[in-house]
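J.: One line per chain: the protein sequences are A and B, in this order.
With the first sequence counted from 1, adding 152 to any position gets you our numbering.
With the second sequence counted from 1, adding 522 to any position gets you our numbering.
These are computed hints drawn from the structure, not numbers from a lab.
Any given hint could turn out to be false.
[Unchecked claim] In silico EDC-like cross-links for lysine to aspartate or glutamate, where the CA-CA straight-line distance does not exceed 16 Å:
hint: 1; chain 1: B; residue 1: Lys647; chain 2: B; residue 2: Glu584
hint: 2; chain 1: B; residue 1: Lys687; chain 2: B; residue 2: Asp619
hint: 3; chain 1: B; residue 1: Lys532; chain 2: B; residue 2: Glu584
hint: 4; chain 1: B; residue 1: Lys778; chain 2: A; residue 2: Glu336
hint: 5; chain 1: B; residue 1: Lys778; chain 2: A; residue 2: Asp335
hint: 6; chain 1: A; residue 1: Lys287; chain 2: A; residue 2: Glu264
hint: 7; chain 1: B; residue 1: Lys532; chain 2: B; residue 2: Asp590
hint: 8; chain 1: A; residue 1: Lys329; chain 2: B; residue 2: Asp595
hint: 9; chain 1: A; residue 1: Lys340; chain 2: B; residue 2: Glu776
hint: 10; chain 1: A; residue 1: Lys329; chain 2: B; residue 2: Glu776
hint: 11; chain 1: B; residue 1: Lys707; chain 2: B; residue 2: Asp719
hint: 12; chain 1: B; residue 1: Lys532; chain 2: B; residue 2: Glu705
hint: 13; chain 1: A; residue 1: Lys324; chain 2: A; residue 2: Asp313
hint: 14; chain 1: B; residue 1: Lys687; chain 2: B; residue 2: Glu617
hint: 15; chain 1: B; residue 1: Lys647; chain 2: B; residue 2: Asp525
[What the hints assert, rightly or not] The calculated label-pair distances, taken between Cβ atoms and stated as ranges, are:
hint: 16; chain 1: B; residue 1: Gly591; chain 2: A; residue 2: Ser323; range: 25 to 33 Å
hint: 17; chain 1: A; residue 1: Gln296; chain 2: B; residue 2: Val741; range: 38 to 46 Å
hint: 18; chain 1: A; residue 1: Tyr289; chain 2: B; residue 2: Gly591; range: 53 to 61 Å
hint: 19; chain 1: B; residue 1: Ser593; chain 2: A; residue 2: Ala186; range: 33 to 41 Å
hint: 20; chain 1: B; residue 1: Asp690; chain 2: A; residue 2: Tyr195; range: 37 to 45 Å
hint: 21; chain 1: B; residue 1: Cys770; chain 2: A; residue 2: Glu336; range: 16 to 24 Å
Please read these numbers as outputs of a predicted model, since none were measured by experiment.
Idealized CB from N, CA, C, for every residue including glycine.
Given next are the chains, with one letter for each unit.
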Amino acid sequence: MSKLREKVELISGELTTPPEEDLRGYVIFTQLKAGQPHLYAGYLDAADDDMALIFAREHYGQDQECVGIWAVPVESISGTDSTHPASRDVGGVEAYQVFIQPRRGAGHVSAETVQARSPAEAIEQARRVHADPGKYYSLWVAPQHLIASTGPGDVIWRFSDQSYRLARGYSKDVREKWTRFRDEHSLKEYEKDDLKEAF
Amino acid sequence: MPDLPEHLRKPLVNLLLAAADDKLFLGHRNSEWTGLGPILEEDIAFSSLAQDDMAHAAALYELAGSIDGRSADELAFGRTPEQYRCAAIVEVPDEFDWATAIVRRFFCNHFDLLRLTRFSQSAWKPLSDLARRLVAEQQVHVRHVDDWMVRLGAGTPESHRRMQKAIDAISPLATELFEPLDELKSLVDAGLYPGSDFAMYDQWREAVAHVLGQSHLTVHFEIGSPEDRGGRRGVHTQYLGPMLDEMCEVYRLEPKAAW
Chain A
153 MSKLREKVEL ISGELTTPPE EDLRGYVIFT QLKAGQPHLY AGYLDAADDD
203 MALIFAREHY GQDQECVGIW AVPVESISGT DSTHPASRDV GGVEAYQVFI
253 QPRRGAGHVS AETVQARSPA EAIEQARRVH ADPGKYYSLW VAPQHLIAST
303 GPGDVIWRFS DQSYRLARGY SKDVREKWTR FRDEHSLKEY EKDDLKEAF
Chain B
523 MPDLPEHLRK PLVNLLLAAA DDKLFLGHRN SEWTGLGPIL EEDIAFSSLA
573 QDDMAHAAAL YELAGSIDGR SADELAFGRT PEQYRCAAIV EVPDEFDWAT
623 AIVRRFFCNH FDLLRLTRFS QSAWKPLSDL ARRLVAEQQV HVRHVDDWMV
673 RLGAGTPESH RRMQKAIDAI SPLATELFEP LDELKSLVDA GLYPGSDFAM
723 YDQWREAVAH VLGQSHLTVH FEIGSPEDRG GRRGVHTQYL GPMLDEMCEV
773 YRLEPKAAW
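The whole structure should be built from the sequences, with the hints applied where relevant.
T.: In structure tokens:
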């Protein structure tokens with residue numbers, strides 16, 4: 153821990169600008185390989201779509217290798233569960249992205265898109281597509297045009313070796329170092345004993 | 523490295539060390555923010571980018587070491603302060619002022635993007651191969667910091683005032699990034715570091731001015747005289763020594779240990 157940090161004082165009342173409640177929630181989905189569906193990764197707060205993608209890239213995008221990110225504003229999501237009630241207000245026909253939660257407790261996964269005039273209608277359509285009983289636990293829909301997405305060539309996962317960021321990379325590196333350290337240590341002990349015996 | 527002429531080895535190691543040292547200390551300074559970022563999401567992002575800087579430094583140290591036989595750890599932690607080639611802008615503390623941290627990153631990130639781009643055009647393949655990867659990652663850094671510059675510069679009157687103050691304080695150090703390295707000309711002539719510092723300075727000013735314009739911020743640069751000796755020739759601020767002591771605490775316990 154940096155020594156400088158020990159001297160950081162907690163500042164209160166220094167900002168003269170009143171805090172603005174301008175952050176909004178996003179649900180982040182990551183795509184691990186091109187052509188595969190987007191998987192639920194987690195939530196975050198950001199001021200707008202650009203910032204949400206920047207944050208998501210550095211947070212959820214570094215958990216594992218990934219090629220694409222979607223940031224979906226929380227308020228744009230409607231679902232079959234009570235946390236995201238679906239509006240029945242009818243507007244023009246537009247494309248809705250469907251997300252399926254395969255079972256209770258699991259994350260949502262992107263599925264097809266449907267054309268509908270309202271979130272409620274989009275959910276009805278999605279229900280029909282996935283009508284087989286037991287095929288899903290809950291469904292989400294979100295207007296496709298409200299989903300912010302990284303571009304095809306965007307760098308998310310890094311090219312340079314950063315395996316130390318991952319739990320598996322860390323445990324591998326540390327194990328190797330311990331083994332090396334112990335081997336060296338036991339060699340020194342052995343040499344000491346050897347010397348004792350010799351003289 | 524068999525394909526590298528003898529007389530170019532030392533200047534090239536020097537150049538790679540300057541780039542790696544800048545990244546190492548910028549990364550370290552930014553990692554000091556871990557847990558203290560303005561909001562949780564940015565705290566994570568800023569720390570992640572600091573880790574990136576460390577990874578870039580490690581890759582550049584490794585490459586320099588492949589020329590002169592030293593390990594990346596020895597190069598990162600095993601030198602005396604006057605052997606480091608970083609610029610003063612990455613040494614000074616930001617006093618945990620967010621505007622200062624962002625403005626420092628802004629000047630450095632744009633500079634690094636241009637320097638890495640020149641590396642990616644190097645006639646020495648190990649360098650151009652590595653730099654092409656790093657350039658792509660560096661663009662992520664530039665995008666992140668530009669976003670903050672515009673957001674805060676063109677934000678509220680207070681955020682604008684704080685950003686302008688940080689620019690006025692940091693910008694005199696920013697041009698020191700361009701302090702000439704010894705024997706750089708031989709590398710340029712041999713195509714190992716194509717382009718010129720003058721052209722790079724113009725590009726940097728243009729890139730920086732473009733974002734500052736969108737941020738409603740202004741900057742006035744002054745270039746030091748070529749005789750001024752600074753970080754690129756081992757003359758450092760008072761902050762480098764203590765920072766190095768802290769960073770090397772573990773390394774110095776057992777320099778030969780394989781970490």
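J.: With reference to the structure, classify each hint as holding or not holding.
T.: Hints, one by one, checked against the model:
Restraint check for Lys647/B and Glu584/B: satisfied, since their Cα atoms lie roughly 15 Å apart, inside the 16 Å limit. For the hint pairing Lys687/B with Asp619/B, the CA-to-CA distance comes to about 11 Å; that is within 16 Å, so the pair holds. Straight-line distance between C-alpha atoms of Lys532/B and Glu584/B comes to about 15 Å, which keeps the hinted pair within the 16 Å bound. A C-alpha spacing of about 11 Å is found between Lys778/B and Glu336/A, which places the hinted pair at or below 16 Å, so the restraint holds.
Pair hint Lys778/B plus Asp335/A holds up; C-alpha atoms about 14 Å apart against a cutoff of 16 Å. Distance check on the hinted pair: Lys287/A and Glu264/A sit about 15 Å apart at the alpha-carbon level, within 16 Å; holds. Straight-line distance between C-alpha atoms of Lys532/B and Asp590/B comes to about 8 Å, which keeps the hinted pair within the 16 Å bound. Note on Lys329/A and Asp595/B: the hinted pairing holds, with a Cα-Cα distance of about 14 Å set against a maximum of 16 Å.
Proposed proximity of Lys340/A and Glu776/B is supported: the alpha carbons are some 15 Å apart, at most 16 Å. A C-alpha spacing of about 13 Å is found between Lys329/A and Glu776/B, which places the hinted pair at or below 16 Å, so the restraint holds. For the given pair, Lys707/B sits about 10 Å from Asp719/B by alpha-carbon distance, which is consistent with the 16 Å threshold. The hinted pair formed by Lys532/B and Glu705/B meets the criterion: a straight-line CA distance of about 9 Å does not exceed 16 Å.
Under the criterion of a C-alpha separation no larger than 16 Å, the hint pairing Lys324/A with Asp313/A is consistent with the structure, at around 14 Å. Among the hinted pairs, Lys687/B with Glu617/B is consistent with the structure: their alpha-carbon atoms are about 14 Å apart, no more than 16 Å. For the hint linking Lys647/B to Asp525/B, the alpha-carbon distance of about 10 Å falls within 16 Å, and the restraint holds. For Gly591/B and Ser323/A, the hinted distance range of 25 to 33 Å is satisfied, since their beta carbons lie about 31 Å from each other.
Restraint check, Gln296/A to Val741/B: a C-beta distance of roughly 41 Å satisfies the suggested window 38 to 46 Å. Distance hint check: the CB atoms of Tyr289/A and Gly591/B are about 60 Å apart, consistent with the given range 53 to 61 Å. One distance hint, 33 to 41 Å for the beta-carbon pair Ser593/B and Ala186/A, holds here, with the actual separation near 37 Å. The hint said 37 to 45 Å for the Cβ distance between Asp690/B and Tyr195/A, and at roughly 38 Å that hint holds.
Between Cys770/B and Glu336/A the beta carbons are some 21 Å apart, a value that agrees with the proposed interval 16 to 24 Å.
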